[in-house]
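Enquirer: Sequence:
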Amino acid sequence: MRPRPPIKGRGIFSGTSLVIAALAATAAALLYPLWSYANRQTAAGATVLSTQTVMTPYGPLSAQDRDLITRVRLAGLWELPAGELAEQKGTTAAVRTAGQHLVDGHTSLDAHVRTVATQLGVPLPNEPNDQQKQWLDTLRAAQGQDFDRQFAGLVRLAHGRVLALVAQVRAGTQNSLVRDLADDANATVLDHIKVLEATGYVDFAALAKDLAASPTPVPTPPAVDPDAAVPLAPSPSESYSLPPATTSPPPRTSSS
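Going by the working numbering, the first residue of the sequence shown is number 9, and it counts up by one from there.
Source of the hints: derived by calculation from the structure; they are not laboratory data. It is possible that part of the hints are untrue.
Subject to a maximum C-alpha distance of 25 Å in a straight line, what follows is the list of computed BS3-like cross-link-like pairs (lysine-lysine) [claimed, not checked]:
| no. | residue 1 | residue 2 |
| --- | --- | --- |
| 1 | Lys202 | Lys217 |
| 2 | Lys141 | Lys97 |
| 3 | Lys202 | Lys141 |
So the derived label-pair ranges between C-beta atoms look like this [claimed, not checked]:
| no. | residue 1 | residue 2 | range |
| --- | --- | --- | --- |
| 4 | Asp191 | Thr126 | 17 to 23 Å |
| 5 | Ala179 | Ala149 | 16 to 22 Å |
| 6 | Ala179 | Glu205 | 40 to 46 Å |
| 7 | Thr105 | Gly129 | 33 to 39 Å |
Computed from a prediction, not measured in an experiment: that's the story for all the values here. Yeah, the Cβ is synthetic: ideal placement off N, Cα and C, and Gly gets one too.
Go ahead and model the full structure; you've got the sequences and the hints to work with.
Expert: Printed below as a string of structure tokens:
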């Protein structure tokens with residue numbers, strides 16, 4: 009028997025069916041993430057997203073931005089009194105000079121961070137965290153060259169930890185106030201690092217080991233009005249002008 013000739017059009021219909029099936033699969037793959045995201049928007053994940061980043065007149069404010077603001081405030085709450093102790097108890101001129109830089113730097117930086125926190129509605133702590141209180145207790149109990157070593161080591165470690173965060177936030181923040189604060193914090197931290205290392209008491213091997221360990225987490229700040237943040241003494245004599253609020257570029261007009 010002769011083989012039956014193929015039915016005309018079968019190949020065309022078969023090819024068309026494959027194309028339609030492929031298009032349908034592609035559409036499903038594209039729509040699934042949207043459907044899934046829409047479902048997540050009605051779940052708890054939407055609340056997390058909305059609380060992590062909020063819009064402000066100065067640009068989006070992320071959780072990491074708020075973390076930097078909190079850390080800058082906390083740094084001043086213990087490093088300024090540590091600097092005062094160094095001015096009083098340091099056995100060398102270099103240690104006393106480092107203490108003076110800490111007092112001057114954090115007095116100025118604290119004024120800046122309180123201004124930024126007020127503008128952005130970020131609550132600030134009014135006392136050091138538990139780890140920082142322990143460091144201050146250690147410095148108060150230490151005497152002589154032991155104080156010099158403890159002061160240089162502890163404060164240099166704290167500055168090394170915050171420097172990495174400052175750089176990370178400065179590189180990615182979309183908020184103009186946070187960028188300005190990060191610039192100020194970066195300059196202050198670098199100055200303090202240099203004067204601490206100039207004391208000759210920084211153990212770089214121990215420092216590298218401590219920095220490689222997990223840093224102490226910053227506790228959640230209390231729910232207080234940022235306007236109520238108590239200024240660090242001595243009171244700053246300078247004020248800070250704020251960057252302008254972020255604005256969209258004006259619409260382009262077509263020339264006639």
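Enquirer: Assuming the hint says 16 to 22 Å, is it satisfied by the Cβ distance from Ala179 to Ala149 or not?
Expert: 39 Å, violated
Enquirer: Quick check on a hinted range of 40 to 46 Å for Ala179 and Glu205, using CB atoms only.
Expert: Distance hint for Ala179, Glu205 is violated at roughly 24 Å.
Enquirer: Mind checking the alpha carbons of Lys202 and Lys217 for me, to see if they're no more than 25 Å apart?
Expert: The hint holds at about 19 Å.
Enquirer: How does the Cβ-Cβ distance of Asp191 and Thr126 compare with 17 to 23 Å: does it lie in that range?
Expert: 19 Å, holds
Enquirer: Given the hint of 33 to 39 Å, check if Thr105 and Gly129 actually sit that far apart at their C-beta atoms.
Expert: Check passed, 38 Å falls within 33 to 39 Å.
Enquirer: Does Lys97 lie within 25 Å of Lys141 when you go C-alpha to C-alpha?
Expert: Holds - the C-alpha atoms of Lys97 and Lys141 are around 18 Å apart, at most 25 Å.
Enquirer: Regarding the pair Lys202 and Lys141, is the alpha-carbon distance no greater than 25 Å?
Expert: Given pair Lys202, Lys141 holds - Cα atoms ~24 Å apart, limit 25 Å.
Violation of the numbered hints given earlier is confined to hints 5, 6; the remaining hints are satisfied by the structure.
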